[in-house]
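> Here's the letter readout for the chains.
There are 2 protein chains.
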Amino acid sequence: MAPLATKADLLAELRGVLGPAGCLQGADMPARNRTDWSFLPPADPLAVLRPASTSEVVAILRHCHAQGIQVTPQGGMTGLCGGARPLDGGVALSLERMSGVEAIDPHGMTMTVLAGTPLETIQKAAAEQGLFFPLDLGARGSCTIGGNIATNAGGNRVIRYGMTRDLVLGLEVVLPDGTVLPMLNKMIKNNAGYDLKQLFIGAEGTLGVVTRAVLRLYPQPGCTSAALCVARDYDAVLAVLAAARQRLGPLLSAFEVMWSDYWLQATTRVPGVRAPVEIAGGSHAILIEMQGLDHVIDGARFESLLEDLMEKDLVQDGAVAQSLGDIGAFWATRDAAAEFAHPTVIGPHISFDVGLPVSQMDAFAARAKAALADQIGCQSVYYGHVGDGNLHVVAWRPGADPQPLPEASRIVYGIIGEMKGTVSAEHGIGTLKKPYLPLSRGPAEMDLMRHMKAALDPQDLMNPTKIFDGSP
Amino acid sequence: MAPLATKADLLAELRGVLGPAGCLQGADMPARNRTDWSFLPPADPLAVLRPASTSEVVAILRHCHAQGIQVTPQGGMTGLCGGARPLDGGVALSLERMSGVEAIDPHGMTMTVLAGTPLETIQKAAAEQGLFFPLDLGARGSCTIGGNIATNAGGNRVIRYGMTRDLVLGLEVVLPDGTVLPMLNKMIKNNAGYDLKQLFIGAEGTLGVVTRAVLRLYPQPGCTSAALCVARDYDAVLAVLAAARQRLGPLLSAFEVMWSDYWLQATTRVPGVRAPVEIAGGSHAILIEMQGLDHVIDGARFESLLEDLMEKDLVQDGAVAQSLGDIGAFWATRDAAAEFAHPTVIGPHISFDVGLPVSQMDAFAARAKAALADQIGCQSVYYGHVGDGNLHVVAWRPGADPQPLPEASRIVYGIIGEMKGTVSAEHGIGTLKKPYLPLSRGPAEMDLMRHMKAALDPQDLMNPTKIFDGSP
Chain A
374 MAPLATKADL LAELRGVLGP AGCLQGADMP ARNRTDWSFL PPADPLAVLR
424 PASTSEVVAI LRHCHAQGIQ VTPQGGMTGL CGGARPLDGG VALSLERMSG
474 VEAIDPHGMT MTVLAGTPLE TIQKAAAEQG LFFPLDLGAR GSCTIGGNIA
524 TNAGGNRVIR YGMTRDLVLG LEVVLPDGTV LPMLNKMIKN NAGYDLKQLF
574 IGAEGTLGVV TRAVLRLYPQ PGCTSAALCV ARDYDAVLAV LAAARQRLGP
624 LLSAFEVMWS DYWLQATTRV PGVRAPVEIA GGSHAILIEM QGLDHVIDGA
674 RFESLLEDLM EKDLVQDGAV AQSLGDIGAF WATRDAAAEF AHPTVIGPHI
724 SFDVGLPVSQ MDAFAARAKA ALADQIGCQS VYYGHVGDGN LHVVAWRPGA
774 DPQPLPEASR IVYGIIGEMK GTVSAEHGIG TLKKPYLPLS RGPAEMDLMR
824 HMKAALDPQD LMNPTKIFDG SP
Chain B
374 MAPLATKADL LAELRGVLGP AGCLQGADMP ARNRTDWSFL PPADPLAVLR
424 PASTSEVVAI LRHCHAQGIQ VTPQGGMTGL CGGARPLDGG VALSLERMSG
474 VEAIDPHGMT MTVLAGTPLE TIQKAAAEQG LFFPLDLGAR GSCTIGGNIA
524 TNAGGNRVIR YGMTRDLVLG LEVVLPDGTV LPMLNKMIKN NAGYDLKQLF
574 IGAEGTLGVV TRAVLRLYPQ PGCTSAALCV ARDYDAVLAV LAAARQRLGP
624 LLSAFEVMWS DYWLQATTRV PGVRAPVEIA GGSHAILIEM QGLDHVIDGA
674 RFESLLEDLM EKDLVQDGAV AQSLGDIGAF WATRDAAAEF AHPTVIGPHI
724 SFDVGLPVSQ MDAFAARAKA ALADQIGCQS VYYGHVGDGN LHVVAWRPGA
774 DPQPLPEASR IVYGIIGEMK GTVSAEHGIG TLKKPYLPLS RGPAEMDLMR
824 HMKAALDPQD LMNPTKIFDG SP
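Residue numbers (the numbering used here), protein chains in the order written: chain A, 374 to 845; chain B, 374 to 845.
Everything labelled a hint here was simulated from the structure, so no lab data went into it.
Take the hints with a grain of salt, since some may be wrong.
One copy or two, it doesn't matter: identical chains are merged, so the pair holds either way.
[What the hints assert, rightly or not] Straight-line distance between alpha carbons at most 20 angstroms, and here's what the computed EDC-like set of lysine to aspartate or glutamate pairs gives:
#  : residue 1 : residue 2
1  : K685      : D401
2  : K685      : E493
3  : K807      : E501
4  : K807      : D568
5  : K793      : D478
6  : K807      : D478
7  : K742      : D401
8  : K807      : D708
9  : K793      : E475
10 : K685      : E501
11 : K497      : E684
12 : K793      : D634
13 : K807      : E780
14 : K807      : D539
15 : K742      : D382
16 : K807      : D833
17 : K793      : D568
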């Protein structure tokens, strides 16, 4: 690496191109650009660059490519694994000034946006046209679509609409050497050569910078129904899932499961969260959501599903939301996870995002719970988007400071590896999960990832050290 | 290239590994392995290799890699662009003996299959478990899932279930050097590093050989409804599409449009095809299909949509299918395209598969029709999966033999290029569309495709000369 003084000189040219608002250094660098939501300590980049156009992104990447400066692209900085945390001595390339909806095609059901546009802005712009952009996650007000694309964000409605990858029709991307790929396809069907945009979705900014996207829109749901119910055991959970899929088909928009310990040790302790059902005697609470087309027709269909589940004794207790307020209250039992840090709930804890075939989730939860307790004295609770094969684990050793992160990680990811699950269902790898990636991906896959990286970024300047280290 | 006699010697070792049924040469090579459905003349490969396992595929690719022999992977040979036609002096690697369903997970809704399994076998295996594999195309009895994956096949229900890419969760792939990538992921959500399987979907066998796949299954539809109706003009077609999307949401499973000339000059002339509606006074016939959950609830919903469309004068004439026989008859008007070669219908003709944003399709059809008539004396008719942005064009110069393929291609693809459409919506590029690919993909995209190919297949042995020629 060049000495810092030299590197600072190297930025002078860029300052000329980007102007003072586009090139922040020293004390002017905002704290938010130094790390993400991973709790990793702030980094010390050379500068925070804030281009206002694709041509400014090109200028930055050409310059950094010529001068050998490392670049970390940044969106809303809400990632949980350190993917957007810049490198000491590198530059942060924030897309925050490239924000805005450029076009909506109501017939083609597409929206063209700049990469720095916040997710919530996109949701609202779609709604104003009577349309719907289905990607949704807790960070919607802060995260940007560019970050969603770079991490292939998931969220609550994947069971119906898929991951971010499934919602992207086209991308404009700038390669590490400054080459622009104007792949702003607007068609659902397009088999004209390699679908190159797939390379950049979920690559966590290691292969290029996403600057624009064409997104797929859907019709606004005509109505929403939700139910909370309690199942006796995991076999009953699977039977309820099968019934919900069969009876609601593609209207099923969420199937969230909370293991009883989560409900008892977490949900019911969060201030302000109501528990509309009693879990006593049951093993799992289930939140079922349907986005229907018409309240009269589909609302009745939803209630009839719940009645059948009760009648067949598949659920022990159940409640159907009677209002939007009820729906919010039902989701609050699931979203209580956001309040776990509160000292009266769980306090300091460790969170995991893993994936498994749905049939193995309960076995995993039992194994992980026992191993965490026996081996390192940790309690743990389990919940997740079970319909999508995505489980979240919250573990904590009461009173410990710091919490035993490496030890708990080895246990949880070790079991995941043995059960052929994924160490990251929706949060990505970043730096935090890097040591565990080989538990889910074999040596040939790791080699090919490094080979692809070397082919697109031979100098290893584009968000290096993320996902994996080193060359093939 | 080595002389043929030497190359034949090079195969002796493989014959030992694969056995006599696995290595066919000379007169033993079946005609079907020499070309596909593109009407390109039969090729003269060195041998047709038919491995029975992934390890035999590995042996073949290692051997060919070491000896510099070109390899063309083959599925059901039903492609229309020459992608699976072998190279003179290379080998054809047919997956036909690697056929069979290996596992079905009813909770995870996945099926694991060998790449040579026919699509229809997969559809039936899903149905036997009360599940549904939604990919469907005319060649279902002959095409294989490996070929569907290599070409990212589309078909009739893309508007609801997506392309083949959207139905693939995991792949086992053998790289050109014989390395196996065991990426048999079964989870909907998996963000553990680069999603490498995407590289091989739609790459037409140029980057590796798909040997196994994990497919996504869906619930069986509870009922199907269909309607044929006639719209006054293309604005009315767009209004009907918007209404169908809003009222049927994700239950809408097909939206096919036939321009009036298609209907009058083609559909109504095919022997045995009934015309349930009168197109007189209208400009387009529309086939709307809904896969519902329950006949009573959703059948009524479908009829009410049609009544509203009539009442609002968006459609001039309309018929709702009253039986499975009716649904088949309605689809027969659309599938009449398969009979165009019949001398009483159109006779010799040229077919195109292109894509455009839905709002521009009618303008394209008018422009192409005029240009084909004025410039080369061709008649033409238009129809397609309009809900997906996919249009088919059939053009012919009455009495001409041969038909003016290059001239018509230049006109049709030239207009597509100007209107920023795609020269291939679902058929791929192969060799036939290779000259026109740069009309849809810019120089930077073409360069990156070649660069990717060189990175994965530096000797250019894996189905070379397909999609594009040469090195970066």
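> What are the numbers of the hints the structure violates, in ascending order?
1, 2, 3, 6, 7, 8, 10, 11, 12, 14 and 15
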